[in-house]
Amino acid sequence: MEAAPITQALDDHMKDVIVAVKRAVSSAIPHIKDDPKVVDKAIEDCKEILDLVMEGNVSEWFS
Amino acid sequence: MFSDKIELKDFEKTDPEYQDLIRRVLAIQADCEIGGPNLYVKDILPNAPTKLDQLIVARTAAEEMDHFRKMAKLAGDVGVDVTYVLSWPNQKRYVEAFRGQITTWEDFAVFGFLVDRVGRFQLEEFLDCTYLPLARVVEDPDIIQEEIGHVDFGTNLAAEFAAKGGEAKERIQKAVDYWYVKGLDMFGNSQSKRSERYMFWGLKRRPNAVARQQYKDEVDALIKKMGLTVPDPNKGRLYT
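Protein sequences appear in the order of chains A and B. Quick note on the numbering used here: the first sequence kicks off at 1 and runs consecutively. Quick note on the numbering used here: the second sequence kicks off at 1001 and runs consecutively.
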């Protein structure tokens, strides 16, 4: 069975994106009460990453 | 009833109908997984009530994207490129529940309570199914546990709104009224011939009507426990 050409590249890209969001969330949660700057930066990072995925310009991800 | 266990290397040797059903269900499942974040990231991530809530929304979206990734990989391995669903506008989604936009925290709560719960039911359909790569993905504890986490967060939040009474309760009832019928519709047509074929090929465990009734029993009990009114199950339905 031949896989669709983009399969592995998409999988690798999505893994990187997901790890980045989860890492930002995990790093911010312990600082919810004591460091608003860290939390704000994490939320901003998550938003930026997630917005790119939601835009869905897949061809740009691999260009 | 088909009961062989199929690995990817044997996929091409299977009946064309089996191949078509696998390709179809993986594309729909991938679309539903990415459809959730597309409903709520835009408006709810920046506007959730607290910073912790914003982080929970981001983590929820990341987990759903990971479920998409897993389904997209399974689809890609059998030759189906599902990247088209990443660029689809919400209005094009396979499943009607994902065609709008979530703009309120109450709707986000009830989406988890009712629609992510359907997601859990759908994933459970594939447990021990005949296509082993799919069975392995859903039997990995991560995917169903994460879905349960989303369901529990939404359920607890909906219950908190209901317990407040007054306007908060009215707002959550309105959200329940909206999503309840969408959740019931997500199980598809009770007379679906395709559903019978999925069962014949060992790719689903329950007829649509049975899964829907089990879901309905579960959510009706929870809605009543919250002190809310169970909506009319026939009002506004697309499928029965």
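These aren't lab readings, by the way, just hints derived from the structure by calculation. A quick note: this is a predicted structure, and the numbers were derived from the prediction, not measured. Among the clues, some could well be false.
Below, simulated DSS-like cross-link-like pairs (lysine-lysine); rule was C-alpha separation at most 30 Å, straight line [to be verified]:
1) K1224/B with K1235/B
2) K1164/B with K1216/B
3) K22/A with K37/A
4) K1051/B with K41/A
5) K1174/B with K1042/B
6) K1174/B with K1092/B
7) K1169/B with K1224/B
8) K1174/B with K1009/B
9) K1224/B with K1164/B
10) K37/A with K1042/B
11) K1193/B with K1005/B
12) K47/A with K1174/B
13) K1216/B with K1092/B
14) K22/A with K1042/B
15) K1169/B with K37/A
16) K1042/B with K47/A
17) K1051/B with K15/A
18) K1164/B with K1051/B
19) K15/A with K41/A
20) K41/A with K1174/B
21) K1193/B with K1235/B
22) K1051/B with K47/A
23) K22/A with K1193/B
24) K47/A with K33/A
25) K33/A with K1042/B
26) K15/A with K1005/B
27) K47/A with K1225/B
28) K1092/B with K1193/B
29) K1051/B with K1174/B
30) K1224/B with K22/A
31) K15/A with K1042/B
32) K15/A with K1009/B
33) K1164/B with K1092/B
34) K1009/B with K33/A
Distance windows between CB atoms, simulated [said to hold, decoys possible]:
35) Q1213/B with V38/A: 44 to 54 Å
36) E1007/B with I32/A: 19 to 29 Å
37) A1209/B with A20/A: 14 to 24 Å
38) T1229/B with A20/A: 16 to 26 Å
39) G1166/B with D34/A: 26 to 36 Å
40) E1170/B with I29/A: 29 to 39 Å
Heads up, the beta-carbon is just placed ideally off N, CA and C, and yes, glycines get one too.
We went through each hint and held it up to the structure:
Restraint check for K1224/B and K1235/B: satisfied, since their Cα atoms lie roughly 18 Å apart, inside the 30 Å limit. Distance restraint check for K1164/B and K1216/B: the Cα-Cα separation of roughly 25 Å lies within the 30 Å cut-off, and the hinted pair is therefore satisfied. For the given pair, K22/A sits about 18 Å from K37/A by alpha-carbon distance, which is consistent with the 30 Å threshold. Distance restraint check for K1051/B and K41/A: the Cα-Cα separation of roughly 11 Å lies within the 30 Å cut-off, and the hinted pair is therefore satisfied.
Straight-line distance between C-alpha atoms of K1174/B and K1042/B comes to about 22 Å, which keeps the hinted pair within the 30 Å bound. About 25 Å separates the Cα atoms of K1174/B and K1092/B, which keeps this hinted pair within 30 Å; it holds. Annotation: proposed proximity of K1169/B to K1224/B holds, straight-line Cα distance about 13 Å (limit 30 Å). Between K1174/B and K1009/B the CA atoms are separated by roughly 49 Å; this puts the pair beyond 30 Å, and the hint is violated.
Distance check on the hinted pair: K1224/B and K1164/B sit about 15 Å apart at the alpha-carbon level, within 30 Å; holds. About 22 Å separates the Cα atoms of K37/A and K1042/B, which keeps this hinted pair within 30 Å; it holds. Distance restraint check for K1193/B and K1005/B: the Cα-Cα separation of roughly 23 Å lies within the 30 Å cut-off, and the hinted pair is therefore satisfied. For the proposed pair K47/A and K1174/B, the alpha carbon gap of about 28 Å is at most 30 Å, so the pair holds.
A C-alpha spacing of about 27 Å is found between K1216/B and K1092/B, which places the hinted pair at or below 30 Å, so the restraint holds. The suggested pairing of K22/A with K1042/B holds, with an alpha-carbon distance near 18 Å, which does not exceed 30 Å. Between K1169/B and K37/A the alpha-carbon distance is near 34 Å, which puts this suggested pair outside the 30 Å criterion. Note on K1042/B and K47/A: the hinted pairing holds, with a Cα-Cα distance of about 9 Å set against a maximum of 30 Å.
Only pairs whose Cα atoms come within 30 Å are accepted, and K1051/B paired with K15/A is accepted, the gap being roughly 25 Å. A C-alpha spacing of about 22 Å is found between K1164/B and K1051/B, which places the hinted pair at or below 30 Å, so the restraint holds. Distance hint between K15/A and K41/A is fulfilled; the C-alpha atoms sit about 21 Å from each other, no more than 30 Å. Simply put, K41/A and K1174/B have alpha-carbon atoms about 34 Å apart, too far for the 30 Å limit, and the pair is violated.
In summary, the hint linking K1193/B to K1235/B is supported, as the alpha carbons are separated by about 24 Å, within the 30 Å threshold. Proximity of K1051/B to K47/A is assessed by CA-CA distance (about 13 Å); at most 30 Å being required, the pair is judged to hold. A distance of roughly 41 Å separates the Cα atoms of K22/A and K1193/B; the hinted pair therefore is violated under the 30 Å criterion. Proximity of K47/A to K33/A is assessed by CA-CA distance (about 21 Å); at most 30 Å being required, the pair is judged to hold.
This hinted pair checks out: K33/A and K1042/B have alpha carbons roughly 25 Å apart, not beyond 30 Å. For the given pair, K15/A sits about 28 Å from K1005/B by alpha-carbon distance, which is consistent with the 30 Å threshold. Distance restraint check for K47/A and K1225/B: the Cα-Cα separation of roughly 36 Å exceeds the 30 Å cut-off, and the hinted pair is therefore not satisfied. Taking the CA atoms of K1092/B and K1193/B, the gap is near 24 Å; set against the 30 Å cutoff, the hint holds.
For the hint pairing K1051/B with K1174/B, the CA-to-CA distance comes to about 25 Å; that is within 30 Å, so the pair holds. The hinted pair formed by K1224/B and K22/A fails the criterion: a straight-line CA distance of about 35 Å is larger than 30 Å. The straight-line distance between the Cα atoms of K15/A and K1042/B is roughly 21 Å, inside the 30 Å bound, and the hint therefore holds. The straight-line distance between the Cα atoms of K15/A and K1009/B is roughly 24 Å, inside the 30 Å bound, and the hint therefore holds.
For the hint linking K1164/B to K1092/B, the alpha-carbon distance of about 37 Å lies beyond 30 Å, and the restraint is violated. Using a Cα cut-off of 30 Å, the hinted pair K1009/B and K33/A is violated, with the two alpha carbons roughly 52 Å apart. Between Q1213/B and V38/A the beta carbons are some 48 Å apart, a value that agrees with the proposed interval 44 to 54 Å. Range check, E1007/B to I32/A: Cβ separation about 46 Å, and the 19 to 29 Å hint is violated.
Taken as a hint, the range 14 to 24 Å is violated for the pair A1209/B and A20/A, whose Cβ atoms sit roughly 42 Å apart. For the hinted restraint 16 to 26 Å between T1229/B and A20/A, the CB-CB distance of approximately 43 Å leaves it violated. Under the hint 26 to 36 Å, the C-beta atoms of G1166/B and D34/A, about 34 Å apart, fit the expected range. Our hint of 29 to 39 Å for E1170/B and I29/A holds, since their Cβ atoms are close to 32 Å apart.
Violated hints, in rising order: 8, 15, 20, 23, 27, 30, 33, 34, 36, 37 and 38; the structure is consistent with all others.
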